[in-house]
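Mind docking chains B, C and D on chain A? Use the hints.
Residue-level listing of the chains:
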Amino acid sequence: MSSALKPADLITVTIDGREIAVPKGTNMIEAAQVLGIEIPHFCYHSKLSVVGNCRMCLVEMGLPALDPATKQPVMDPATGKPKINWVAKPTIACFTNASPGLHIRTGTPLVRECREGVMEFLLVNHPLDCPICDQAGECKLQEQATGYGRGYSRYIEQKNVKPKRTLLGPRVMLDDERCILCSRCIRFSKEIARDDVLGFIDRGSHSTLACYPGRKLENNYSVNTVDICPVGALTSTDFRFKMRVWFLKTTPSICPESSVGVNTEVWSREGVVYRITPRRNDEVNDTWMADSGRLLYKQVTADHRLREPSVDGTTVAGAEALAQAGALLKAGGVAIVGSGRSSVEEQFLTRKLADAIAAPAWLVSRVGQGDGLLISADRNPNVRGALVTGLIKTVPEAELTELAAQIAAGKIKTVVSIGEDLTAAGLGEAQLNRIAIVYLGTHANATSAGAKVVLPTLTVFEKAGTFINQQFRLQRFAPAVPGPQGAADDLVILAGLVEAAGGGALASDIDGLWTTLASEIKPLATVTYQNLPATGLLLDASDFSDLPFPEDETLHFNPKQ
Amino acid sequence: MIDFLTNLPPVVLGLLKGLAVICVIFPIAGACSMAERKVSAWLQGRYGPNRVIVPWFAWMPFVGRGLQRLGVFNLLADGGKLLFKQDPLPGHVNKFYFMIAPAVAIIPAFTTVVVVPFGAYFDQAGQVVPLMLANVDVGLLAVFAIASLGIYSMILAGWASNSKYSFLGSVRASAQLVSYELSLTLSVLPVFLWVNAPGTVGSLSLARVVEFQSQPGFWGGTWFIFLMPVSAFVFLVALFAETNRLPFDMIESEADLVGGFHTEYGSFKWSLFFVAEYAHMTVGSGVFVLLFFGGWNPLPWLPIGTLFGWLGLVQSAGHVSYAIAIAQGVLSIAIFLAKVLFMIFFFMWVRWTVPRFRYDQVMRIGWRRLLPLALVNVVVYALLIAVIQK
Amino acid sequence: MSVIQVQRKPLTFAERTYLPQVFGGLMITLRHFFGRRVTLEYPEQRPEIAPGYRGVPTLVKDPNGREKCVSCQLCEFVCPPKAIRITPGEISGDGPSAHVEKAPREFEINMLRCIYCGLCQEVCPEEAIFLQNVYSVSGYSRDELVNDKEKLYQLGGTLPDRHFKWDKKQAAASASPIAHP
Amino acid sequence: MPHPAERRLIFEHVDEPGYTTDLPCYLAHGGYEALKKSVARKPEELIDEVKKSGLRGRGGAGFSCGVKWTLVDRKSGKPIYLIVNADESEPGTFKDRYIIHQDPHQLVEGIMITCWANQVRQAYIYIRGEFPRGARLLEHAIAEARAGNFVGPNILGTGYSCEIYVHRGAGAYICGEETGLIESLEGKRPYPRIKPPFFPAVLGLYQCPTIVNNVETLCHVKHIAAMGGEAFARIGTLNNTGTRLLCVSGHVQRPGTYEFESGKITLGRLLNEICGGPRPGRQFKAVIPGGSSSKILRFGERFKVKQRDGTMVDWGVEDIPMDFDSLAACGTMGGSGGVIVMDDSVDIVAALANLNAFYAHESCGQCTPCREGSLWMKKITARMVRGEARPEDGALLKSVADQIAGRTICPFGEACAWPTQSFVQKFGDEFRNYASRPNPGPAATELA
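Protein chains in written order, with our numbering: chain A, 1 to 561; chain B, 562 to 951; chain C, 952 to 1132; chain D, 1133 to 1580.
Looking at chain A on its own, in the form it has when it is part of the complex (with noise of 0.2 Å):
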């Protein structure tokens, strides 16, 4: 972002001594950072507005003193730079931004002192039950009373009583006690959210946070105040209780929800995944995620997971089961539904498949209702993978409408569908009656009840593989957690089936099957799954640019540019 500046939009400020070129603007919080020098804060949030009312951003400020007749710098003989006028009283660090020749020291006795000060004030009131605190292990107030604080008390008067356990919104529990007053809530609901919902009541020590009489806290974007709350005072309703932080780890993901492609941390012990958050891409989705988002690993333990592989509804061994599927494949008239939900190696692998028994292939779109923010129309998170590796041409319809005409032609008679409800998708009963389906998919459905063979594969949290969101940037997920015993990976059985199908054998491991994928699909010639960035690589999107895809604006892509 910096290095697209010029160097006349730099300035340079001076952080404890140490010089620094930043953009004009740049606050002091976000400067030091990149010194690797830590300015503590707590209501200060890069993509919220500034209020600077925790205080605990104090530094020292100083500027070059200037003569005023002549207006020029005054030189200090001594050290050949120039003469800085420091001012008497500390200034926030979040609400300075960098001006020409501004110097701050982070580091003196009386920053020190400062921070010391505000953070005993900040606990004078606060309840200190971290014991039973969900935030306790990523608390601001922690790490920085740790970091910061005197490490004993001097109150010995009452703490102030406030409500306690008070549910703003269907997903999101409030403590008012713990709550320091930073107004981030506040802000992401107006500025972010637009649903300017919360506020304070009373005043001075007493003041407390609540919604607007008669009005809730339930946008899909309310538990983003969980994430962003630096203490333990908002906490997520579904997550409450559940597991203290330390012992999660995280991995990161890409949200399954939509087109948006959201980065995300799931966050798992031992197999079980307790919650999933926001991770930052200021490309994609800034710090933010939707609440319905944070809800898919829900469906890693749903009951309707499919567990064991299947034939006629009888549980066979893995192995039989794709023998048999690959006899059904072998026996010719086979047609492919892919899905726009299954990863970019995936969705090659099944073009491999159709390309080896020369079965049409289809997808099924999946339109609702964009938000303007974080969810966008098109609710299938890859269909340009289909696009790119070139499983489908053109944007995939709602219903199999020329599938069905071949199935009642009688031209097909085995339908290898992965993850896709046919009967959802406009297959009447009619059509399913002539044909044999091969199910490849998660969940069990109509699909997968009638399927004549079914192979269960693993959720987005449990493979590791690629989505290609409406911006066309390839964006990397990890597994987090291992899937059921009798579950296989998606591309272990596609390469199963090409193989079984005559396809030769393709590589059914991430890395092997990317030196392929860089070989055949000229935009990924470049990539392998290893080296992504973080944030994700734009593809030149250029073949595809007068599709119609179903897409409005949302917070970093707008379809018009």
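Hints are computed from structural coordinates only; laboratory data are not their basis. One or more hints might be untrue.
Stated by the list, open to error - Cβ-Cβ distance ranges computed for the label pairs, FRET-style:
id : chain 1 : residue 1 : chain 2 : residue 2 : range
1  : C       : G1069     : D       : A1302     : 57 to 65 Å
2  : A       : D509      : D       : P1328     : 53 to 61 Å
3  : C       : Y969      : B       : L863      : 32 to 40 Å
4  : C       : E1095     : A       : A331      : 53 to 61 Å
Beta carbons are placed, not taken as given, at the ideal position from N, Cα and C, and that holds for glycine.
For chains B, C and D alone, coordinates are given in the frame of chain A:
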């Protein structure tokens, strides 16, 4: 009765005697293992095993309780356990030699007893008749020769175990045995030089040595420990080494070699090694008592004959009284056994007092201290005896 | 820190022969041979448990009978052999200690793993877990040696409390003009 | 009757028999003449007059009024607003209310002159919610003035139009802070804004340039317009020009609001002569000279002060002239002119407990140090008064106050810290010995 016994065919008699040896030595060795535990406990201010009791004894007042406290039944329990517990045979061992090694250990241990006299009575001629299984002239030489065969079992066990620890243990043991065998032999030479004065019929019989210490008069009744303290000392130290007792238990080295040669052994096979060790110790103690402690003579300058005289246990000339002979035999055996038991106690006492030597120290003591000492000792006594007997 | 070189005294001849030392040692062991026995005959005689003894870890209740553990899982985190397993749970809003909000739903200490280090007691912010004077643990199966919550409270009993932290908090809340929901 | 030592400009007609708040009465006493004179002049001339007068704001900070006006961003093209700060909430201060109650038209005239000088089209009077009568009087006066064509469209036929609105606050001390007041006026919580960048002169009401002046200041503007800036500057002392309204309350014989030439009367003369001295049998103990936020002065203190001409003087509390600079030189401030007098019957800790209770109640809660610190200080002093004092509480109070002052968004931090800092500094012995005091005073039991 005696006649009946003495008139039995030699083979049967030999079998009976052998059986008797096993019946005596085996329990003694077993009892020693228990004694070791009790003695070590007492030396360390503990009680030692004192739990096991057989119900019938439990009903006996005082006696049962006393036996229980002494750990007598622990001995039975231990034996029973070792006999009946699963006998593991590790997969990596050379099975034949692994199995045979304990037997090889037992054989020489029991065999040496044959030439060791353990008591005496006077026959009608007033001649001392030593009680032993085979009064052969080679005597002590036989003991040395057979006892040193015991090392084969350890080498076998160590090698067949196919384990570093076992192997190292047995290699150390063989080196140690060789090193101390010399001193051991040299240390007893002065005794036999003394005993076998020029002109007399030479004999290496141990009974002869005891006889020598039973002579009247000051010099005659002096036990060899007083005459030849250095010999006694060298013999004792070498004996510790030969029987692999602490502070010379190179063979086990449990601090650094887990269990040494018997690391891979368990249950009954393992127990056989210990029986052998205690048998060696018993025999060794016996030899030491015979050589230096006056055998069955009750006190220095108090030959057993004199004691018999005081007690009226004298054979009238020309008539053999079996009762008197048996009484004499029992008494002498008792005296001898008491001394042997004390020696065994002494072995244990030293074991639970002195820490183990390092291997290099063992070698140094053996070659650079004990052997020169023994050599000097032989030369000095040879000259001395030559001078005196001239 | 300066290093002081201590000159080792050369050994006398007697010392080098090692015999007087051996003899001295024999005398010492002999004294013990006749001395008093110091062994404790365990099942009949029981050792006196010193205060601060680290026996079996237990969960305790406060004098009001409230379970003190709030399932913060710090002990689970700190436990070196990973012997502790906690499933946290929420306290229903209408109980007498509803204001505490959190309590363990399940709490298991695997005594086959426990090394009695006492870190769980040290780390406990609620003073709910104590290594008390129970030192003899035995069972016929592995399952038996996993102490569940009920067993842990049974072993732990009630200990005096110096703080009554939560009770004070509740008192403050009920005395406050702001209604406690 | 005014005391002979007084010099009355604003209070010229106040308390005169027969002087009412009506427009005819005001006109009969020469009202709106200054406005008529002013609208005939150029606005820039008027600003120059105010600059020449050396008028300093009477709200508390004492910032030069003329400079404030020149700082207004006139190039932005946005409308300029005038806000009249009538949110007189400082304990010990009651001068603005008195002006409004006695002579509202004087204020209206001052507002209109200021509006003309700055070409303001809309002026807001932000009056404290606790002053309902004042608000009604002002509304009435504005209606009258509009009827008289002094306010509203096409004033006095000049073609210049200006409206005045009265806005009643809901009762918060922080609304007296100019940016907090602006927020409140905009309909939000009165959270003071961060300066920089939100200086009202540039980004004020609705992000437009805004002038915020105190009631007394604007009344002075009327007199400056009437008599000329230089004439006004001759009243009072150098750099502290004009007259000053002083509100004396507390333990004196005759409390009240008095008007003097700035700096021409000493504190001792004010209290002993004008206000009749202490109550019988009592002695003065301490005085807060500029509203409750200013630092307390203890009788018996001495101050070595360097005068403007370089001479050193040695003042006792009684010798301090009542002007901004002298009081600042003695470590306190002129503030809003609220002189609070305490005699030796006062339990100083209880007095501080009272002040702390006020500040804890009034802290807006926006930024951490003041929000938590003010309540903490209140809790400490309340506990001390309750009889649970500890010897170290004084030092703790001081330390807490030190952690507030200078680290907050608005000056409230200083306002709540200074009393504590000065009380503990000057009466440290009383704080230390409070736990072992022999006889808790009646004030203590009352407060507890």
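Consistency of the hints with the structure:
1. Distance hint check: the CB atoms of C:G1069 and D:A1302 are about 58 Å apart, consistent with the given range 57 to 65 Å.
2. A beta carbon spacing of about 58 Å between A:D509 and D:P1328 agrees with the range 53 to 61 Å that was offered as a hint.
3. The beta-carbon spacing between C:Y969 and B:L863, approximately 34 Å, falls within the hinted interval of 32 to 40 Å.
4. Our hint of 53 to 61 Å for C:E1095 and A:A331 holds, since their Cβ atoms are close to 58 Å apart.
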